[in-house]
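Trainee: Build out the structure end to end from the sequences listed, making use of the hints.
These protein sequences, in sequence, are chains A and B. Yeah, the first sequence ends on 304 if you go by the numbering used here, and it's all consecutive. Yeah, the second sequence ends on 1304 if you go by the numbering used here, and it's all consecutive.
Accuracy of the hints is not assured; some may be wrong.
Said to hold, decoys possible - Here are the computed lysine-lysine pairs in the DSS-like style, where the Cα-Cα straight-line distance is at most 25 Å:
(1) Lys191/A / Lys1294/B
(2) Lys1166/B / Lys1215/B
(3) Lys1297/B / Lys215/A
(4) Lys1215/B / Lys1162/B
(5) Lys1065/B / Lys1279/B
(6) Lys108/A / Lys142/A
(7) Lys65/A / Lys24/A
(8) Lys1215/B / Lys294/A
(9) Lys162/A / Lys215/A
(10) Lys205/A / Lys1294/B
(11) Lys1108/B / Lys1162/B
(12) Lys1162/B / Lys1191/B
(13) Lys215/A / Lys191/A
(14) Lys1215/B / Lys297/A
(15) Lys1297/B / Lys191/A
(16) Lys1003/B / Lys1142/B
(17) Lys294/A / Lys1191/B
(18) Lys3/A / Lys166/A
(19) Lys1297/B / Lys205/A
(20) Lys1297/B / Lys294/A
(21) Lys294/A / Lys1205/B
(22) Lys1191/B / Lys1142/B
(23) Lys1003/B / Lys1166/B
(24) Lys3/A / Lys142/A
(25) Lys205/A / Lys1205/B
(26) Lys297/A / Lys1297/B
(27) Lys297/A / Lys1294/B
(28) Lys1003/B / Lys1108/B
(29) Lys1279/B / Lys1084/B
(30) Lys1191/B / Lys297/A
(31) Lys166/A / Lys191/A
(32) Lys294/A / Lys1294/B
(33) Lys1251/B / Lys1142/B
(34) Lys279/A / Lys294/A
(35) Lys166/A / Lys215/A
(36) Lys1205/B / Lys297/A
(37) Lys166/A / Lys108/A
(38) Lys251/A / Lys297/A
(39) Lys1294/B / Lys215/A
(40) Lys1065/B / Lys1075/B
To be clear, the hints were calculated from the coordinates, so they are not data collected in a lab. Just so we're clear, the structure is a prediction, and the values are computed from it rather than from any experiment.
Number of protein chains: 2
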Amino acid sequence: MSKLVIVGTIAFDAIETPFGQTDKILGGAATYIGLAASHYSVDAALVSVVGGDFPQNHLDLLTDKGLNTQGVEIKAEGKTFFWKGRYHNDMNTRDTLATELNVLADFKPVVPESYRSAEVVLLGNLHPLVQLEVIAQMTDPKILMLDTMNFWMEHAWEDLLKVMAKVNVISINDEEARQLTGEYSLVRAAKRIYEMGPQYVIIKKGEHGALLFHKHDMFYAPALPLEEVFDPTGAGDTFAGGFAGYLAQNKNYSFENMKTAVIHGSALASFCVEEFGTKRLERIESASLAERLKQFKQLTQFDI
Amino acid sequence: MSKLVIVGTIAFDAIETPFGQTDKILGGAATYIGLAASHYSVDAALVSVVGGDFPQNHLDLLTDKGLNTQGVEIKAEGKTFFWKGRYHNDMNTRDTLATELNVLADFKPVVPESYRSAEVVLLGNLHPLVQLEVIAQMTDPKILMLDTMNFWMEHAWEDLLKVMAKVNVISINDEEARQLTGEYSLVRAAKRIYEMGPQYVIIKKGEHGALLFHKHDMFYAPALPLEEVFDPTGAGDTFAGGFAGYLAQNKNYSFENMKTAVIHGSALASFCVEEFGTKRLERIESASLAERLKQFKQLTQFDI
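Mentor: Right, here's the structure in full:
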């Protein structure tokens, strides 16, 4: 079975949406990515850090999904990363109400020995220096996929450029692509990003779907139009996890296969937003996923 | 050859974009719709009104494209409708700098006798009462398609509801769909719009493409990602014209055929924005259109 390395936060989130609010629930980029990737025939390892306050049942949930947590350091004396946010009525914008780095502040990622030969590595949103340390531990990666956000553009620009120079695939949202390149047109932004390193550029547009660029090829995956977006938290990570999981399973890194991978990521993300946090992701059955993939087909296919 | 009736403005536009500005150039909903529809094997008649200041060469342009202008009244003593607008840097929002109704103020549309049996009627953006008068003159329409905008929601709500109750297809943008229904989710908005009359709902999302809804079916057509949007004026009308022209040509009003019609509209709109006003639309060759349709296919098709 193909191996997949996932680095990112494992966290507590507290979320407020127009529909309600949660106490500290399971969250973090690596959590969402891992739960999404667990739908594919891959041997996926999470590389992250939590504090002594992190409940065993959350870790059990991850291992029950077949995710390897050997690379999840537990700092007994520390506290788990915490994020609190509030979504506006449009569900497209949010305010961060609290960010407590805690054990993340001095996180040194260690990829378990037996996963260092993995072909696919997903560098979830984290400090670029942490992402670089993971890259340095891999022996022969074929796909290094970077997920990042505007925070690092503003606070760790030089380090971010170093990671970008090393990866093949980047996944960012439309506003971040514009901020990164100074280009409003996403076609132009993608071309500028090629010059920074990644040969494949995924630009996420929330409810408007996602674009995949490679050289002169483009692919447009819609988001599934929904009656209700209950909680968008983790949708981007879920998308990335589905994409990387599908790619790793097939070990086919062609543009054509990446198109299908983008649809898998979009389908999983469409589940993610249906309930608070990871709730819906935790119980997607493979028949439901297959059904949703068919909906994407119907949504986009036409004769000319 | 199938007949198509198009009602809408024929106008002068003065446009400012970040790329430059124009004097009074040929514009108007019926103009863009007609130029788009002229790419199909349909006998299309324009129903509109212009003033004595409207140059013969503009009318010649329309007739040279095979459009019937018998229903375009020329009020020699009046002035042609004039709109002036300025686009912001993002090209998605604009300010209206001037609107002079002129001859439109007391426009009584007359559909030429020989076109009253047309199966497809496109009611371009105009006062709902004018649209109603056109509907009343048709003998056996199969597709009444309404294009409208927020202005009429604010200034002629009751009349707009009357038109909506009579049409099968409506084409509006996302913000207008939300304003019309009070629903943020476009899926819910479409359902509310069904209750107002139209069985087919097209929601245009500018650079994010367009959605087609019918009962529980949905179709998502992307907009072609472009390096540069030079002038968005008329893109929505061009979209509607391509959609209606394709439908009328085939006389096939199934959801499946409407999906293809949406792609045709999107392809023509992608040309429209490449130059100021109608310039690019005036010289689209059929090979270029076929090539662009193929690009839409490549942009959206995938295997699962």
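Trainee: Now, for every hint given, state plainly whether the structure supports it.
Mentor: Hints, verified against the model:
1. Only pairs whose Cα atoms come within 25 Å are accepted, and Lys191/A paired with Lys1294/B is accepted, the gap being roughly 22 Å.
2. With a CA separation close to 17 Å, the supplied pair Lys1166/B and Lys1215/B stays within the 25 Å bound.
3. Proximity of Lys1297/B to Lys215/A is assessed by CA-CA distance (about 18 Å); at most 25 Å being required, the pair is judged to hold.
4. Of the supplied pair hints, the one linking Lys1215/B and Lys1162/B holds, its CA atoms being roughly 21 Å apart against a limit of 25 Å.
5. Note on Lys1065/B and Lys1279/B: the hinted pairing holds, with a Cα-Cα distance of about 14 Å set against a maximum of 25 Å.
6. Proposed proximity of Lys108/A and Lys142/A is supported: the alpha carbons are some 23 Å apart, at most 25 Å.
7. A threshold of 25 Å between alpha carbons decides the hint, and for Lys65/A with Lys24/A the separation of about 21 Å falls inside it, so the pair holds.
8. Under the criterion of a C-alpha separation no larger than 25 Å, the hint pairing Lys1215/B with Lys294/A is consistent with the structure, at around 18 Å.
9. Taken as a hint, the Lys162/A and Lys215/A pair is honoured in the structure, with Cα atoms around 21 Å apart against an allowance of 25 Å.
10. This hinted pair checks out: Lys205/A and Lys1294/B have alpha carbons roughly 24 Å apart, not beyond 25 Å.
11. About 18 Å separates the Cα atoms of Lys1108/B and Lys1162/B, which keeps this hinted pair within 25 Å; it holds.
12. Restraint check for Lys1162/B and Lys1191/B: satisfied, since their Cα atoms lie roughly 18 Å apart, inside the 25 Å limit.
13. Only pairs whose Cα atoms come within 25 Å are accepted, and Lys215/A paired with Lys191/A is accepted, the gap being roughly 8 Å.
14. With a CA separation close to 18 Å, the supplied pair Lys1215/B and Lys297/A stays within the 25 Å bound.
15. Between Lys1297/B and Lys191/A the CA atoms are separated by roughly 22 Å; this keeps the pair inside 25 Å, and the hint holds.
16. A threshold of 25 Å between alpha carbons decides the hint, and for Lys1003/B with Lys1142/B the separation of about 12 Å falls inside it, so the pair holds.
17. With a C-alpha separation of about 22 Å, the suggested pairing of Lys294/A with Lys1191/B holds against the 25 Å cut-off.
18. Distance restraint check for Lys3/A and Lys166/A: the Cα-Cα separation of roughly 20 Å lies within the 25 Å cut-off, and the hinted pair is therefore satisfied.
19. In summary, the hint linking Lys1297/B to Lys205/A is supported, as the alpha carbons are separated by about 20 Å, within the 25 Å threshold.
20. Annotation: proposed proximity of Lys1297/B to Lys294/A holds, straight-line Cα distance about 18 Å (limit 25 Å).
21. Our distance criterion of 25 Å between C-alpha atoms is met by Lys294/A and Lys1205/B, whose separation comes to about 24 Å.
22. Taking the CA atoms of Lys1191/B and Lys1142/B, the gap is near 22 Å; set against the 25 Å cutoff, the hint holds.
23. Under the criterion of a C-alpha separation no larger than 25 Å, the hint pairing Lys1003/B with Lys1166/B is consistent with the structure, at around 20 Å.
24. This hinted pair checks out: Lys3/A and Lys142/A have alpha carbons roughly 12 Å apart, not beyond 25 Å.
25. A distance of roughly 13 Å separates the Cα atoms of Lys205/A and Lys1205/B; the hinted pair therefore holds under the 25 Å criterion.
26. Distance hint between Lys297/A and Lys1297/B is fulfilled; the C-alpha atoms sit about 13 Å from each other, no more than 25 Å.
27. Our distance criterion of 25 Å between C-alpha atoms is met by Lys297/A and Lys1294/B, whose separation comes to about 18 Å.
28. For a cut-off of 25 Å, the pair hint linking Lys1003/B to Lys1108/B stands: about 21 Å separates their Cα positions.
29. For the proposed pair Lys1279/B and Lys1084/B, the alpha carbon gap of about 17 Å is at most 25 Å, so the pair holds.
30. Among the hinted pairs, Lys1191/B with Lys297/A is consistent with the structure: their alpha-carbon atoms are about 22 Å apart, no more than 25 Å.
31. Restraint check: the Cα-Cα separation between Lys166/A and Lys191/A comes to about 17 Å, which is no more than 25 Å; the hinted pair holds.
32. Straight-line distance between C-alpha atoms of Lys294/A and Lys1294/B comes to about 23 Å, which keeps the hinted pair within the 25 Å bound.
33. A distance of roughly 9 Å separates the Cα atoms of Lys1251/B and Lys1142/B; the hinted pair therefore holds under the 25 Å criterion.
34. Restraint check: the Cα-Cα separation between Lys279/A and Lys294/A comes to about 23 Å, which is no more than 25 Å; the hinted pair holds.
35. With a C-alpha separation of about 17 Å, the suggested pairing of Lys166/A with Lys215/A holds against the 25 Å cut-off.
36. With a C-alpha separation of about 20 Å, the suggested pairing of Lys1205/B with Lys297/A holds against the 25 Å cut-off.
37. Taking the CA atoms of Lys166/A and Lys108/A, the gap is near 19 Å; set against the 25 Å cutoff, the hint holds.
38. A hinted pair counts as satisfied when its Cα atoms are at most 25 Å apart, and Lys251/A with Lys297/A qualifies at roughly 23 Å.
39. The straight-line distance between the Cα atoms of Lys1294/B and Lys215/A is roughly 18 Å, inside the 25 Å bound, and the hint therefore holds.
40. At roughly 23 Å between alpha-carbon atoms, Lys1065/B and Lys1075/B fall within 25 Å of each other, so this suggested pair holds.
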